[in-house]
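Let chain C serve as the given structure and place chain B on it in line with the hints.
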Amino acid sequence: MTEAAVDGAVAGSAEAVSPLTEALRSTWLRRISRNRNVVTGALILLVLVLAALFADVISTHSPTRLFPANRLKPPSAEHYLGTDEFGRDVYSLVVHGSQISLLVGATTMLLTSLGGIVTGLLAGYYRRLDLILMRFMDGLMAFPAILLAIALMAARGPGVWNVIFALSVVYLPRTAMLIRSTVLTIRELDYVQAARALGRGDPAIAFRHILPNCLAPLLVQASFIFAYAILAEAILGFLGVGVPPYVPSWGNVIASGKNVIREAFWVSLFPGLALTLAGLSLNLLGDGLRDTLDPRLRVQ
Amino acid sequence: MTAYLIRRVLALLPVMLVVLTIVFLLIHLIPGDPVSVMLGPDATLAQIQATRQSLGLDRPLYEQLFKFYGRVLRGDLGRSYFLDRPVTVALLERAEPTLVLTACALLVAVMIGVPSGIIAAAYRGSVWDRALMLGALLGVCIPGFWLSLNFIYLFAVRLGWLPAAGYTSFLVEPAAALRYMVLPAVSLGFNQSALIARISRSCMLEVLQQDYIRTARAKGLSQGATICGHAFRNALVPVITVIGITMAILIGGAVVTEIVFNIPGLGRLIVSAIMRRDYPVVQGVVLVTAAAYVLINLTVDLLYAFIDPRIRYD
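Protein chains in written order, with our numbering: chain C, 1 to 300; chain B, 1 to 314.
I should point out that these hints are in silico values taken from the structure, not numbers from a laboratory.
These figures come from a predicted structure and were not determined experimentally.
Each hint should be verified, as a subset may be incorrect.
[What the hints assert, rightly or not] Chain B is faced by these chain C residues, among others (derived, beta-carbon under 7 Å):
#	residue
1	136
2	144
3	241
4	272
[As the list claims (entries may be wrong)] What the simulated footprint calls covered on chain C by chain B, stretch by stretch (three residues with Cβ under 8 Å from a Cβ of chain B suffice, anywhere in the stretch; the number is not a length):
#	stretch
5	148-162
6	260-270
Here a beta-carbon is modelled for each residue, glycine too, at the ideal position from N, C-alpha and C.
Pulled out of the complex, with its shape left as it was, chain C reads as follows (with noise of 0.2 Å):
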């Protein structure tokens, strides 16, 4: 037996032997944090996360004043990465603008992670709900995610809520096949059969003993879908589809960017820099992930 499957099968049953699965959580948590992609992932996030925290503190300007006097500057001292066509300072735009990227990608992660969750183990231990739940999840896969995404934003409108119920949507298909098809394999093993045979009812088994194994699993999708959420944001934002124009994301501010390029390339180079490195972060993390939880997974 492979040291993922023990672990797998040693989390399983977790009240049974307790010291043993700390023992190994301990080598599960050193084995991510020695791997270099996590580390370098999880920097970069950090950096992020602390400045959509501190944004207020360590931005310059008002995000959302306009100067018109100051139109297109060029990066200087005075604004470190330039203004754009309203005379906004860039270097606070895209500080702030990392707010509602990381708003959506993380509340999307969550959302899809809670509603696959309940969507697969229903699929996986019902087979009567999984014909009826499968069907409508392969609708949803059926259509180009982008899309999708954009046809409900033009029924919703413009918002924040409205990007995040639309992405959740959008990804929530994915979770719930990944967790589905878990739960299929793991149902059939033999701890789970035990638990049955001891009496345990279903929503005990599914929670305590199912649903533990597929959490690695769901980790290293999280963190795909969490990248996929904020270049999805960022992608509505830039249509005109996403959060209001007046609010600063950092699709917004590309668009911009866009009608003056010519004069001023600065005003989309680094909101895009900056979803650039938030993309590389969660993939590297993602990909860390996957290495070390599941090594049968690992790229060779």
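Just chain B, lined up with the frame of chain C:
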């Protein structure tokens, strides 16, 4: 193969039914009264009533749904208020640029992705491998629409080599069309080439570890002959699947690229329809792209089964 084909096509029916239902429900997701939203604040009560009746929105939901199924099956996607023509006609007019862009981007993605993956696998652990895989990681992370803007700045504004935006049909002026298509196709294809490169590399590595490759090497075949003659064809099977998936993803990506480069395709159609609250067009574009997406995935599955017969007997 025929049985497999029939099974796969039948499996699509429930999926398309769900797709149709979701597209139908889009109108009902509009907060408040959809008709007032569509017609704007200046509409009179009589206009609102008339539109509601003409759209059938005054009927019970299930009746509307079945009517919608019926209409779509007859090839009727409704009428665009703004463009004043059937949605199907508007879609046909705008399909060419999107198809051309998708095809060109796919070509770019394959031409960059497959050789990169093979070189990285052939020289595993070398500087080439590291550099190419770093490029692939960046390719995944760099947002395509932002890359497009940077390309416009560099190649159109600074260097003046290529036009910044626009579109001409290949059927009308092939040379000009090519110049217009280079930047959009490269910026859209680059992202997807990263995925293809990663998969090609790992498939190639797997094949290179097989016994028959060792045999080929033991016979004294050169690295090139081993890779091209023996490993490449066997590594190709999963790569074809990824290329299919890439094509489906590119349809979605094309929407955004069209906006950046001002290409009059389906992407620009849907975004302007949203701004005009022309919901039948929004529904039409979404439905048609979803159908294309499903068909491409079906083709990939069939192609895969054709190349690798083991799949048919699953």
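Tested hints:
1. Satisfaction of the interface hint for residue 136 of chain C is found here, the shortest Cβ-Cβ separation to chain B being roughly 6 Å, below the 7 Å cut-off.
2. A distance limit of 7 Å between C-beta atoms decides the matter here; for residue 144 of chain C the minimum to chain B is near 3 Å, and the interface restraint holds.
3. Using the Cβ-Cβ criterion of 7 Å, the hint placing residue 241 of chain C at the interface with chain B is satisfied: the shortest such distance is roughly 6 Å.
4. Interface restraint check for residue 272 of chain C: the shortest CB-CB distance to chain B comes to about 4 Å, inside 7 Å, so the restraint holds.
5. Using a Cβ-Cβ cut-off of 8 Å, 9 residues of the stretch 148-162 of chain C lie near chain B, which meets the minimum of three, so the contact claim holds.
6. Residues of the stretch 260-270 of chain C lying with their CB closer than 8 Å to a CB of chain B number 5, which satisfies the three-residue condition for coverage.
Checked against the numbered hints above, the structure violates none of them.
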